[in-house]
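Enquirer: Listed here are the chains, written in short residue letters.
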Amino acid sequence: MSPATTAAPRRELLEGAEAIARAALAADCRFFAGYPMSPFTPLLESMAKLMPEAGGVCINVESEIEGVNMTLGAAAAGTRAATGSCGQGIALMQEAIAEAALNETPFVVFNMARNQQDYFQCTRGGGWGDYRTLTLAPKDVAEAVEHTQLLFHLADRYRAPTVLYGDPLIAQTRVGVEIAPLDLPPLPPKDWALDGTQGGTGHSRQVWTWAMGKATEPGPGPDAHWQAIAAKFEEIGAAEQRWEASETDGAETLVVAFGSAAKFTEWVVEGLRAEGHSIGQFRPITLWPFPGEALAAASEGARRVLVFELNAGQMIDDVRQFAADRSVVRGIGGVSIHESGLSYGPLLDAPEIRRRILAALEEED
Amino acid sequence: MEHEVLIVGIGGQGIQLVGKTLAQAATDSGLYAMLAADYGGEMRGGPSQSTVVVGDGPLRALPILPEAGAAIVMHDKFTGPVPERVRPDGLVVLNSSIVDPAAVGDAHRVVALPVTEMARELGAPQAAGLIILGAFVAVTGVVDHDRLVSAMTSLLPPYRKQHAEANARALAAGAAAVAERGDLPPHRDGKAPQGAAA
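Same order as they appear, the protein sequences are chains A and B.
Numbered by the working numbering, the letters in the first sequence go through residues 1 to 365 in order.
Numbered by the working numbering, the letters in the second sequence go through residues 1 to 198 in order.
By construction, these hints were calculated from the structure, which means they are not laboratory data.
This list has only true hints and no planted wrong ones.
Lysine-lysine pairs mimicking DSSO-like chemistry, simulated, CA-CA at most 27 Å apart:
id, chain 1, residue 1, chain 2, residue 2
1, A, Lys232, A, Lys214
2, A, Lys190, A, Lys232
3, A, Lys214, A, Lys190
4, B, Lys161, A, Lys49
5, B, Lys20, A, Lys49
6, B, Lys20, B, Lys161
So the derived label-pair ranges between C-beta atoms look like this:
id, chain 1, residue 1, chain 2, residue 2, range
7, A, Thr197, B, Gly12, 57 to 63 Å
8, A, Gly276, B, Arg60, 18 to 24 Å
9, A, Arg330, B, Gln162, 58 to 64 Å
10, B, Pro88, A, Arg330, 30 to 36 Å
11, B, Ser150, A, Glu362, 51 to 57 Å
12, A, Pro186, B, Arg60, 35 to 41 Å
13, A, Gly271, B, Gly12, 34 to 40 Å
14, B, Arg60, A, Ala230, 41 to 47 Å
15, B, Ala103, A, Arg355, 25 to 31 Å
16, A, Ala297, B, Arg181, 58 to 64 Å
Chain A regions said to be covered by chain B (calculated; three or more residues, Cβ under 8 Å):
id, stretch
17, 10-23
18, 262-268
19, 343-353
Here the structure is a predicted model, which is why all the values come from computation and not from measurement.
Here a beta-carbon is modelled for each residue, glycine too, at the ideal position from N, C-alpha and C.
Throw the hints in and build the complete structure from the sequences for me.
Expert: Printed below as a string of structure tokens:
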């Protein structure tokens, strides 16, 4: 490396949370509401600093429930809006997220989680009704910058709340990063938005979960509305699966991991492969929709499918559902919490992951 | 090529500033940099660690390093992952005012500088971390000294701007101490150690 590199850098050294905030602004997010909670706090702080400069509104609310409902309101008015917390705060938001999914109001929820214990929360949802939340799990800051922009686009495209599943490493690691706007296809106009333009005309609009409409303009009603919602989530489930498969063809061992953990397992798997092991990796990028068919193909012929996740076993349910042979699926991760309670414990460490993979190989050989 | 640096010491020694300055200088130089967060409670006297990776292409390094090519050790009360994770041929630059070289193991190339005393003599006792950073950069050549100075200056908050000059002197003193010594490990680019005039 030459110290004489003098080209004007396009990259800036940004904390992950600030990089995400800038990506959200680049995606025209103009409303943000949240309540501080580590490691979400730096995202709220970045939004508070940057949003006014962009002409938007950022509110430090009194509670997560208030934050998500303000976000729902801003989004219903047609603004690109977002909220966030860590899993604990997002637990409080579930009712409003479910309502938004059912009344078709698009916004983005940033779960800057403390660990990987929110997989069920992201992928199953905690509200009522037939809905899912499209969830992207970036493996690092650079990917989080892309995912943030993509999530605003997908939220608008499908008129549904979407989720970024981040973590402390993504929120707090500083990296040289460039906020490059994604080239995304155009979206239809928000002719449903409650933007006040129809006021006094008798044609005022509604965003309403029960879709009953007005006496003068009846809506489809709950049955037709919720059938349409169900069809929409089925469409998202088929169309929006994203994943990364590395050296999975013919691999005897397949490691499955998501988010930051997948960056660690990828590092270990590449090392083991260089040493001659027949091993590949499969990383779901969308947690919902889970890339089931791709996993089935990637795990075809594998003698063992090792799931590394930092929880008591959540994603493994989806892996078992779709793996070519569910009898070879086993978990090699586990609960691991930092003594502060705010981050991962010692299990998220490449040497420990390597030990666990090697132990699994030896046990069965 | 990626250079991984573990920076360890105790709260109040400027460990976080050292990491941030190095990562900022690398980014300003057009290099790729990563500065990994430290999750310990922030308090004076408590363990403090910063991890910096610099490379000339997109980085492969993990935010929690399995191994490192170099370390800066400011205090022996907390050496963290340094004894275990610095590679056997790695470089350790340590604060010999406080740290016994034995604390980091004997397999590494060690550069020992009494930076706590040097900072006191310089009339800038708070700047010991920047002296050792100046020395580290002089030994490794990972960034230019001038970039280091401008990064340090740009990172000072408005209420600390008055420290810019003393901090620059501290960086220069570290570089000069390296330039004056003939017993240092070879520069990783094979060039002579570079140093700014004191």
